[in-house]
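Student: Residues per chain are reported as follows:
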Amino acid sequence: MMRRTWVIKAILVVSFLALTILGGLGLYEQRRFDIPIVAGPGVTKVVKLSDYSQGLKGTIADTLVFILEGKEAGGKALIMANTHANEPEGMLAALIMIENAVVDRGTLIIIPQFNHSASRNTKPGDGYPLYFEIETEWGKKTFRMGNRDASPLDQWPDPDVYIHYPEKQLLSFIDARNTNRTWPGRPNGLLMERVTFAAMEIMRREKVDIAVDIHGAETMFPVTNCIVAPEKSLRIATMAALTVKAKEGFDSHVEPSPVGFRGLSHREIGDHAETLPFLLEAPIPFLDQPTGPKTEKFLLDGKDPFLLSLARKKKLFVPYDESGWPVEKRVGQHCSLTMEILRQHAKRVPDRAVEVRGVPRYADIVKNGVGSYFHDPAKAERSKIYLN
Amino acid sequence: MVMIFYYVISAFLAVLLIWNFIREKKNVEDMALYLLVLVPLVLRILRVK
Amino acid sequence: MSGQIGIILGVMILAYAAAKAAKLSVEISMFLSAVAGGIGGALVRTPSFGQLFRHLVEGSFTYLDVILVFSTATIFMAIISESGGVNYVVRATVRYFYNKRVIALLLLMIIILIPGALTGAGSISLLVVGAPVAMALGLLGIPKRRVAAILFIVAGLSAAAPPVNIWAMILTAGTAIPYVGFELPLGIPVLLLGTFTVLVLGLRKQAATTFEKALKGMPEVPAKMSWWRVLIPFLVFFGSVLAYRIWPFRFPVLGLPLEFTLSAVAAWLVSPKKINILTLSRDTVKRLLPLLATIVVVGMLQQVMTATGVRGLLSFAVISTPLVLLILSLAVVIPVSEGVLTYGAAAVVGIPLIWYLDSIGFHATVAIAGLTLLWPLGDGLPPTALIGRLSVMVSEYKESYWKFLRSTWLPWLLITIVGILMIVFSARLEFLVRWSM
Ligand SMILES: [Zn+2]
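Residue numbers (our numbering), protein chains in the order written: chain A, 1 to 388; chain B, 1 to 49; chain C, 1 to 437.
Treat the hints as calculated values from the structure; they're not laboratory data. Even glycine gets a Cβ: it sits at the ideal position worked out from N, Cα and C. It is possible that part of the hints are untrue.
[Unchecked claim] Listed next, the stretches of chain A that the computed footprint assigns to chain C, with coverage defined by at least 3 CB atoms under 8 Å from CB atoms of chain C:
1) 13-24
2) 114-126
3) 160-166
4) 234-245
5) 292-304
Okay, chain A solo, but in the shape it has when bound (with noise of 0.2 Å):
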């Protein structure tokens, strides 16, 4: 009878190792897996988020900080992506400015992962792929899909409910960990609140006329496939969603900022800091609840039969058909407009202008595919690589 007991033990021991050594293993992987940034010919300084945040150093929140300056003065501009890291076509079109921008006037500030803790966590409960593969013309290149939050390892407990600072209003505990519910956030508080301290510090030291938060959202959320933009920014994103509309034939339209809903990027910084804050939204049909398997090819062309059917039912907040929300339209559209408000904005202020070449288009995404604008590591100078 005993030693029947210590067989069964035994045998459930051997299955609890091999469930927790091969379930955990891919996770372990997955928030150690680097993946390679070639700076492109408008890089000219490579920085770290610590740098304006003594908070963040030594930590897994700090992140790199890409700065592109021109030849001539002008004004500065921040674009943030990856600020909910399972929002990946923000982080795509950042990389994309990242390897292939040339800054001619004025500064053009890039975080292509801004909750770089995000991007090293997985979603438990919601089944995601760990990773994704963008097609280029020498290979496969991997990207690590994150998750909406930090990871606890980093940021453990969250409170039983989040008080926003500074205006003490009642959050959920998950937001705490959430970096675009924690703006303008403090030096020394949270970890994810050192992470946008540190942006508004960017931000005030540097003095950035404008600041691009980049996102993706659900077709069935209402506040998708826009620009979304406090008072102050609503003159430029205007103008902004209507030339995209008329010169490149896709629609964005214009949301105002909530006033009385805190910790959004774009409500505190146009509200703590000189800023003109912009906040990007593509549709994600992958991040919808009503779809099938959440597989990788979903997350990259964003068909799905059951959203289709509920689009019929008019259901949506964005057109949808056969064709999907494939990753080259999303990426192209946050690329468009980014390079779009940047010219509005240099149009009404010339002197604090920011002049940018070699981003692709719109139409040049979609067309070429997201991958043929990411250049080949195993070629690319050492010194060029940075991995993130």
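With chain A held as given, fit chains B and C with the ligand onto it using these hints.
Tutor: Relative to chain A, chains B and C with the ligand alone:
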């Protein structure tokens, strides 16, 4: 700093589960359940996830 | 594609039924159902077989913090109980209020409402104050089944009560609606429905007890027990919860598990009786095992369901229902989704639902408040039945679970009607939100 206490709490809980697993002599289902609950705790303590 | 996903769903249900037929426990059956769903999905590579273990392991993390909260809170209450504190409080309550039944019932209702309202979890109410309140209700001559019923309904309401309502927080976070203005739309129905529940289920004295008999029936309390020995641990707990609310930018974020651990240490230190904390904790974990396992397995189940598309199919089915039918079906869909997914239900069914209702002119905040009255009911439904099982556990009711659940029918029905009416008339009830701000 508070985070350290959470690893201590997790470790304490893991020890209690293992202790119960060792003491359990008859109920095979319970033995399996102790180990199932242990999965996320062990991986958190090892800082895998 | 829906055919393929439907087959995977069928495989999961079959695996569950087969496991139950083989007399396996709910937890093991759910685990096997998750594994079967994962294998079913792997056959069509959604997700691939190599990812199956990763999905199971990752899913087990979904509610890791809830496991820590449950464990620490229960150990805390076990210490209070072991030290004689629970019996002490019940003795006093019965002595003062035995002949003022309505006041006693309302007072006990408020006591259950507070911890859940502050933490957003009905389970915390039951784990912290459930046992003493159950004993007090018993001494007021209420049979155990009705005691369990009162605890279940009021604990559910406590989770919905402001200031912290986790379903509403998940919904507002997922729909980008501010989590403000919920005080009145949630507070008023919770108080009215709670009062109704305790009076309907508790006003009639069923067991023929007298005051003297009740006093005699109560267990002995250690001689050195006193009010402050009972109160100090609770002051530590509520103090640490409130301190962050009052000084959010100066007081560190402790989190519920640590708050309960500190309170447990305080309770252990002031106990008049020596307590072996290790064996007590060990036995508590043993008692909690089914609940802890359920939480872990529900996370795995949720992950497999999402990765295979089963979750999306269910969500799609809800959203595609015609409006009138949809609103009527909420009476069933919302509680059942909670029974299967617990808090995950708010994301799966709730988020698309609120987007849809909002877009056709319903007032989102009031509609969310109405929905979150319905969700706690599902915490009594299998397979998880978290709050239902806890209610039964702390009230020491030993008979059929279904008989217990049936005795909640009248408050259940009323809560359902109120919740659905709040959704239907959300636009007209909008003033409740305005008055809250
Ligand atoms: Zn986002």
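Student: Hint by hint, say whether it matches the structure.
Tutor: Hints, verified against the model:
1. 13-24: Holds, because 6 residues of the stretch 13-24 of chain A bring their Cβ atoms closer than 8 Å to Cβ atoms of chain C.
2. 114-126: This one holds; 4 residues, not fewer than the three required, reach chain C with a Cβ under 8 Å.
3. 160-166: With 5 residues in contact (Cβ-Cβ under 8 Å with chain C), the coverage given for the stretch 160-166 of chain A holds.
4. 234-245: violated (count 0)
5. 292-304: holds (count 4)
The structure does not agree with numbered hint 4 stated previously, though it agrees with all others.
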